[in-house]
Amino acid sequence: MADPRLGSRLKEVRTAAGLTQVELATLAGVSRKTINTVENGVFVPSTVLALALARALGTTVEGLFWLTE
Amino acid sequence: MSEPEEDRLAMIRSEHDRQRRFLLGVLGLALFLGLAIAGGLILLIVPASEQPVPVWALAVVVLTGAIGTAISGYATVRARADLITDRLRFSESYGDGLQRQRNHALLFMAVPMALFLVSGLPQAWKLASGQGETFNWIAAYLSIFVPITVGLTLAEIGTGKMGRMKRHLDDEMTKLHRKQALSLAFVAMLAGATGTYFLGLHHPAAAVIVIPIVIAGAVQVGALRFVLLEREAERNG
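Going down the list, the protein sequences come from chains C and P. For the first sequence, this note's numbering puts the final residue at 69, and the numbers step up evenly by one. For the second sequence, this note's numbering puts the final residue at 306, and the numbers step up evenly by one.
Simulated from the structure, these hints should not be mistaken for lab results. Model, not experiment: these values are computed from the prediction. Beta carbons are placed, not taken as given, at the ideal position from N, Cα and C, and that holds for glycine. Mixed in with the good hints, there may be bad ones.
[Said to hold, decoys possible] To give a feel for the contact side, a few chain P residues facing chain C, derived at Cβ under 7 Å:
(1) G164
(2) D165
(3) Q168
(4) E202
(5) D239
(6) M242
(7) A302
(8) E303
[To be verified] Partial chain C-side listing against chain P, Cβ under 8 Å, derived:
(9) K33
(10) T37
(11) P45
The shape of chain P in the complex, shown without the other chains:
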């Protein structure tokens, strides 16, 4: 077998291994999140029925959550180490690999952002109408938390002490793309804020509900623009 063919097969095997570890990581994380939500519901529902929270129930939730986190953490670290090794071996620099991961994360964050918006907005509507309990507040906060996180990631804010990693994520081309993407996100935010203002003049409660949608939409427009610019530069220059 020729050397390029061996390299190609090795790359495919390595990619399959990495995907298996990634899947394991996702399963572990799903296990952790599912149990965390179950634990939260136990804490909310049981006190309402004036029953003490069973210690065994909490122990099961905490223990299984810890196992899920450990599986997820182990698989993520292994998959990431393999990915970096592969990129170096198969002609991609460390910086390129990091940037690719960051861009995938930016796109992937659209999923939790949409989920939290869908689940949080009805709760925010209840609160804006003068009703609501602890759960409503948490869901309403989460609906705005994810878009803000994506916006900060896009703007590279909060990564000041990442050292070498920041240098690779922040090269000249990327800075220019970020500037262009943030400009577009700002225009989208401006348009959305203007619309929300006029809506608020007629229906103040509705305007409150629309604000997270405007922020999420503007941030997603910026993130999409950024990823597209990066891909374009990678393919055609």
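Just chain C, same shape as in the assembly:
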């Protein structure tokens, strides 16, 4: 569930890569709503999903997520 300590720039990186939520979901092997909820801070992804997203977007996990405190 949501955790205020987690910062995310997933949406920013995804749009910069020219991908839709569906395309990123297909690349990461999850549903579109998982991408949607991670982008909106409703859902905190697991380590495995964070790594899969980073790989799909050609970046590192730290490039997508960080601790705000």
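Since the structure of chain C is provided, determine the placement of chain P on it from the hints.
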């Protein structure tokens, strides 16, 4: 005509085709079920009147049932293949399409669950009162069978070897929603079981009748919660 407009019209045509096939599938299934019930009644009633079951009657039931099943199966496979193609074409991933179908099925199962409960509970009451025959036993079993099936579907139990399909149905968000839905279903079941216990202290036969209602109610609460969480995640994130 612009390209988005062509796409929209193609989607509408495709949706209409799919609905026609779905209707055909439902009609085939209804034909099959109707004849299966008719066949069952023939088998139950004719022996009671000490008349042999006419071979032609059984042949008609079996043949028409087979045709109904074939129509239903063909239409379902075609409609499903079209649905998956459409989802991919019109910007929905394979996993999203599968999850949507599973959620619709969970909601749709409330209908047979209610029907079997309404038809099965009077039979269970007869059995609990010390009466009843084969038909009563079958109806009483069916009243509990559908809620259990829905509960297993909600918990994703029994899909261990579905491979790719399971991976798509079971992504991280869905697992979290399932956990939340099952927690609520458990609380509902606990409340229902407590009430049934106290009822059973005063009217044991009535408690037996209430048990399928409690299970069905708890399972339906969980299923509804699950579908609502999934919709919420899809719309607002």
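Hint by hint, work out which the structure violates, then give me just those numbers in ascending order. Violated hints: 4 and 5; rest satisfied.
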